[in-house]
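Engineer: In case you want the letters, here they are:
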Amino acid sequence: MGVTRPALMVPDEGTWLLWGHDLRASGLHQVRSPSSATTLVAPSRIPERLLPALREVWDQMPLGRELVCLDAKASGDADTRRLLAPEHHEGHEHHEGHEHSDGHEHHGAPDHHGDHGDHGGHGGHDHHAMMAVTGEASADGLVMEDLDVTLGPVNSPLAAGLVAHLTLDGDIVCTAHLNPSFAEADALVPDPTTPAAWAAALDVAGGDATSWIPDVEHERAASHARLFMSLGTLLGWPQLTERALDLARVLHASPGDRVAEHALPAAERMLKLVQSRRLRSRLRGLATIERGQAEELGLTGPNARASGIVVDARIGHGTYDALGFQPALADRGDAFARADVRAHEIIASLDLLARWSGRARDAAAAPAAVEGPRGPVTIRPVELGHAAEMASPGQAEALRAAADSVHRLEWPDAMAAVHSFDISGWRAA
Amino acid sequence: MSNWTPLAVIVVALGGALIVALLEQAAAGARPAPALILRRAAAAFDQPLSVPHRPDRWLFHLAPPLLLVAAVTALATVPWAPGFRGIDISTGGILFSAALAYVTPAVFMAGWGSGSPLAVLGAFRFLALMLAYAMPLAMVVTAVAAPAESLRPADIVAVQHAVPMAISQPLALVLFVPAAMAVALLPPFDLAHADGEMGGGAFRQYTGVHGALVALAQRVLVVAVAGMTVTLFFSGWHGPLLPPALWMALKTAGVAALMLAAGRVLPRPPLEQVLAWAWKLAIPAALLAIAWAGLVTLWFYR
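Chains as they are written, first to last, in the working numbering: chain U, 1 to 429; chain W, 1 to 302.
No lab work stands behind these hints, which were simulated from the structure alone. Model, not experiment: these values are computed from the prediction. Heads up, the beta-carbon is just placed ideally off N, CA and C, and yes, glycines get one too. You may find that some hints are simply not true.
Covered stretches of chain U, as calculated for chain W (at least 3 residues, CB under 8 Å) [unchecked claim]:
(1) 57-67
(2) 149-163
(3) 211-219
(4) 248-259
(5) 278-292
Please build the complete structure, drawing on both the sequences and the hints.
Structural biologist: Encoded structure:
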């Protein structure tokens, strides 16, 4: 690999790959800290509410910074380049360009918002409220001061778009409130991190039972690879990040009929790491959701299957049955189980793609839902002139489960626990 | 020690930091680019200082220079060749540990001075880490000093002319390396400033000159601990054919490269696990290492 420039990527490198942009091939590698980034990569159009957070991140970057705006599946009503670097805006949209800073002065002005940190760039609010010694003792018997921390929507340990309001007792998370803050996306793609699944749901609504299968399985593998990239970063395990990135890049670059052949070796290499003792010891027993609890919560997708619930929209679908589909299952319901299920789903999706390319298309009845990377998605167009009914059952429940699972966990475990549920930063239907 | 020693130590610090930065690039799979590193370092000095919203100004501004002073002082105790031994005093091993001890208040000052929760959290994590690992670090130094009957690093090198301590005291090596990596803020022991989960932790607010000083200090620390590892365990500058200083430089670069590579293949362990290793395993094992050092000294070095 040649020399690459450190770049802050919004939302993240894996999602840009999903959207068709291999930023590593363009000479950029992802960093997490704005002060060590020379480039900011952001969608050309962003939701207005994201702008303060992006501006805060932009301001923290060193002089000589460049802004790269790319077309993205995500949409918004604000022109990123015009709003972040107005003096260099050329009136064009949706083009890559370079930007140089305008030399902001930050020298210690007491009213200057230098506190970029724990909000991860969220709007410049001061969230370390006056510390009050409460009357409640913590687990070790000490009466501690509560700390309020807000993370997100960008430049935080969590998924881009996810805002977390946490109360800490020392480094123990007491309460957590999670909110996906990105809500403006295409009318028929509520979550742009899984566009193929939503497009497939629309096809299914139109009566198409099978043609979307390769796209959905390809997206499932890519989405899970993206998750493992961010897991490696979260756990401080560059080797996992690099292997997941290799897989994601192979998925991005391979032609449709050869993707399984090219991607399977990379997927198996990554699976070796996922199943290694290093990850198992880190995630085992963390944020356990037992089967009964998962059923009560109404979890779906890989989160449910990791708890042993056999729920998958692909089960009973004639074409999937003919392809030999079997859902990946685990039974412990902990963070490792959720990672393990997703890793096996990557392999399963690639196997399905390999078998798909060699067979005739069966006519099958359209299923009730499409199983996306995070769970089932459905679109039901109603009447002409009315908005379609979009649903992704289980996502709100996963959000609740993630928020509840961090109670009394230490900070790094809490971050790993939330991450294991694969919560999207977009507020899908 | 001559009048040129301080200047020589600074040259070694800067050169060593550059080599460590190149090794970091190589460990990440990128092509080492020294010009790029130097350009970025120069650009950092042009970057305006960014001060947090509610800092403790004295602590915030003093932490990076203190960290750098601690790192350079630790580096100054490393002997590079028979003719260049740095701060060559009879208690050099203790001075090395003492200099590294100042990393803890520097990191704590950085976190507390930043005044933000995650920075303070990172600072406390490092404090807990160092309280646990400072003891085995110092104990191992005394274990290795026993055969040399001296705490002078050059004497410890001299006694290894035939057999390196890595062979005669492997337990001490196994205890020293993780402790050294922890004090040098190297992954997987970078719990104080983990980028992924802490967003930079104690150092998250540092930009411009401060950020450059922190980055420089971190790399000088790597050179210092790698150099001392070679001094204590790998016969220092001893080796055939090549000049002593070159042997020392190659061995130090090799140890540094291994430390950096370990950070890429090992995930960051949870803090409570790291602390448990220290208090329940490392400290008792360090006592065993001292006892073993005594036996080795009696059997082989008398």
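Engineer: Against this structure, judge whether each hint is valid.
Structural biologist: So, going through the hints one by one against the coordinates:
no.	hint	verdict
1	57-67	holds (count 4)
2	149-163	holds (count 4)
3	211-219	violated (count 0)
4	248-259	violated (count 0)
5	278-292	holds (count 3)
Against the hints set out earlier in the document, violations occur for numbers 3 and 4.
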